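Student: Listed below, chain by chain, are the residues.
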Amino acid sequence: MTTAAQDAQLLARVLEGDHEAFGEIMRNHEDRVFSVCLRIMGNRDHALDATQETFLTAFRKASQFQGNSALGTWIYRIAVNTCYDQLRRQKRRRADPMPDHLDPTDHKAEEAIDSAGLRPEIQSALARIPDDFRSAVILSDIEGLGLPEVAEILGIPVGTVKSRVFRGRRLLAQQLGNQNP
Amino acid sequence: MRDHELELIAALVEGRLDDEAEARALVASSPEHAEEYEAQKLAYDTLHGLGTVSMSETERAALHRDVWSALRAQPGVKAANPWWYRWTAVAAALLVVGGSAAVLSQNLGGEDAAQTFAEIAAPLDAAGESTDTTAAAGEAPTAASDDADGGEDGASVTTLDQAEEDESPASDQPAALYSARATDVRQGAETGTDLYLYGENETVDQAIVSCVAAATKDAGLDGFAVIATMDDPDQTPDSSTTTETQSGEQPDLAVASPATADPTEAPLAFVDLETCEVIYLDE
Chain A
1 MTTAAQDAQL LARVLEGDHE AFGEIMRNHE DRVFSVCLRI MGNRDHALDA
51 TQETFLTAFR KASQFQGNSA LGTWIYRIAV NTCYDQLRRQ KRRRADPMPD
101 HLDPTDHKAE EAIDSAGLRP EIQSALARIP DDFRSAVILS DIEGLGLPEV
151 AEILGIPVGT VKSRVFRGRR LLAQQLGNQN P
Chain B
1 MRDHELELIA ALVEGRLDDE AEARALVASS PEHAEEYEAQ KLAYDTLHGL
51 GTVSMSETER AALHRDVWSA LRAQPGVKAA NPWWYRWTAV AAALLVVGGS
101 AAVLSQNLGG EDAAQTFAEI AAPLDAAGES TDTTAAAGEA PTAASDDADG
151 GEDGASVTTL DQAEEDESPA SDQPAALYSA RATDVRQGAE TGTDLYLYGE
201 NETVDQAIVS CVAAATKDAG LDGFAVIATM DDPDQTPDSS TTTETQSGEQ
251 PDLAVASPAT ADPTEAPLAF VDLETCEVIY LDE
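Residue numbers (this note's numbering), protein chains in the order written: chain A, 1 to 181; chain B, 1 to 283.
Hint data in this document are derived by calculation from the structure and do not stem from the laboratory.
Since this is a predicted model, take the numbers as computed values, not measurements.
A couple of the hints might just be wrong.
Subject to a maximum C-alpha distance of 20 Å in a straight line, what follows is the list of computed EDC-like cross-link-like pairs (lysine to aspartate or glutamate) [said to hold, decoys possible]:
(1) A:K162 <-> B:E14
(2) A:K162 <-> B:D66
(3) A:K91 <-> B:D45
(4) A:K61 <-> B:D66
(5) A:K61 <-> B:D45
(6) B:K41 <-> A:E121
(7) B:K41 <-> B:E7
(8) A:K61 <-> A:E152
(9) B:K41 <-> B:D66
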């Protein structure tokens with residue numbers, strides 16, 4: 001895990017044209033980004049696409065990073081927004097709001113969920129709660145981030161994060177309970 | 001339920017309370033509070049134990065390859081181009097020059113043809129140094145002969161040259177460089193300090209193995225294994241940029257050959273470890 005000063009130094013080098021520094025930034029953050037994308041997208045291929053897009057966006061927007069937050073937080077924010085964009089595109093392509101690959105009755109979908117490294121019932125339950133609540137509980141309860149950092153990533157007040165985490169957990173519990181009556 | 005109560009229940013679920021008495025009393029105070037606590041705890045405990053999921057090494061190599069491929073397309077991004085980029089440019093230039101000379105020698109003959117050949121070649125030689133070379137390269141052949149079809153080829157040559165304007169023209173023979181290093185590998189000669197030949201039972205860094213596997217698979221090369229690593233002989237050290245790879249910390253290239261073949265005779269694939277692409281194949 002890099003310090004904020006180290007990240008700031010690397011980013012400064014990227015802006016000077018040192019692309020090896022960008023490679024180092026990617027290596028420092030790619031696992032966390034992939035993990036978040038995987039939890040949100042529920043599919044390894046989609047998560048990999050989102051991870052790739054995250055770092056490309058980070059490179060393009062490197063000059064816009066103002067240092068008000070940690071570089072990792074900023075990259076996380078790009079990752080979440082990228083996942084949101086991809087989910088919206090997926091939903092527009094499907095009439096059924098439930099992504100096909102998360103339908104537990106589909107054998108191939110179950111394989112995709114298994115490949116994500118998650119228990120199918122958990123990912124199915126997560127997929128059924130609204131995106132805003134899902135990302136809040138993923139960042140807070142799976143990734144273990146503090147509420148202030150989650151607030152920065154999602155661009156919302158801490159109070160709103162608390163509310164979304166609380167309501168997200170409640171909805172998730174309902175979904176888990178529905179799967180195991 | 002009031003905000004304070006929700007916060008207390010959340011803190012109890014997350015184990016953040018030094019003294020849980022007040023929170024426990026709240027949970028026990030009504031079925032509604034108890035139900036809320038159970039729901040929060042179920043969700044939190046379910047998610048909290050999942051942990052971070054990592055990429056496989058193949059996924060990681062694919063990510064790096066795809067990101068650098070996409071970045072290479074952006075202006076100002078310096079990344080190694082496949083070896084055939086440069087040779088396509090050279091071949092195109094030779095075609096233009098040779099074709100024009102052939103047509104001219106038929107039309108003009110003798111000293112006039114030689115002089116016109118030089119006039120045609122001069123703008124193409126200068127194409128790599130000019131930022132607005134498309135028109136220049138296109139104009140010379142057209143001016144020399146109406147039959148010369150140098151416009152398109154000239155444009156492609158200048159575009160590629162422009163993309164590599166940072167590289168030294170003197171080092172623009174990468175195939176020869178890689179071929180020479182291939183000879184070193186086959187002879188087992190660890191010249192200088194950058195070529196490293198792996199011993200028979202020596203373990204290769206997994207990231208390098210994965211990168212080479214992805215690169216050779218993309219190139220349609222089956223069963224290639226890493227036998228050596230080195231710095232890129234085609235890179236000229238630039239004092240104005242950081243070149244950590246050239247300081248020996250991380251090799252630029254891996255060399256791979258079919259695992260079951262004799263490396264002294266088998267084909268050798270040179271893989272760029274940053275982009276995970278085969279940049280030269282020595283057969």
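Student: Checking one constraint from the list: CA of A:K61 to CA of B:D66, max 20 Å. Satisfied?
Tutor: holds (18 Å)
Student: Do the alpha carbons of B:K41 and A:E121 lie within 20 Å of each other, as the hint requires?
Tutor: Distance ~17 Å between B:K41 and A:E121 Cα, so the pair holds.
Student: Regarding the pair B:K41 and B:D66, is the alpha-carbon distance no greater than 20 Å?
Tutor: violated (41 Å)
Student: Checking one constraint from the list: CA of A:K61 to CA of A:E152, max 20 Å. Satisfied?
Tutor: holds (17 Å)
Student: Would you mind confirming whether the straight-line C-alpha gap from B:K41 to B:E7 stays at or under 20 Å?
Tutor: holds (13 Å)
Student: Has the given pair, A:K91 with B:D45, been kept, meaning a C-alpha gap of at most 20 Å?
Tutor: violated (29 Å)
Student: CA of A:K162 to CA of B:E14, is that 20 Å or under?
Tutor: Distance ~13 Å between A:K162 and B:E14 Cα, so the pair holds.
Student: Taking 20 Å as the top limit, are the C-alpha atoms of A:K61 and B:D45 close enough?
Tutor: violated (37 Å)
Student: Assess, step by step, whether the Cα of A:K162 is no farther than 20 Å from the Cα of B:D66, and give holds or violated.
Tutor: Violated. A:K162 to B:D66 sits at ~37 Å, over the 20 Å cutoff.
Hints 2, 3, 5, 9, counting from the list given before, are not met by this structure.
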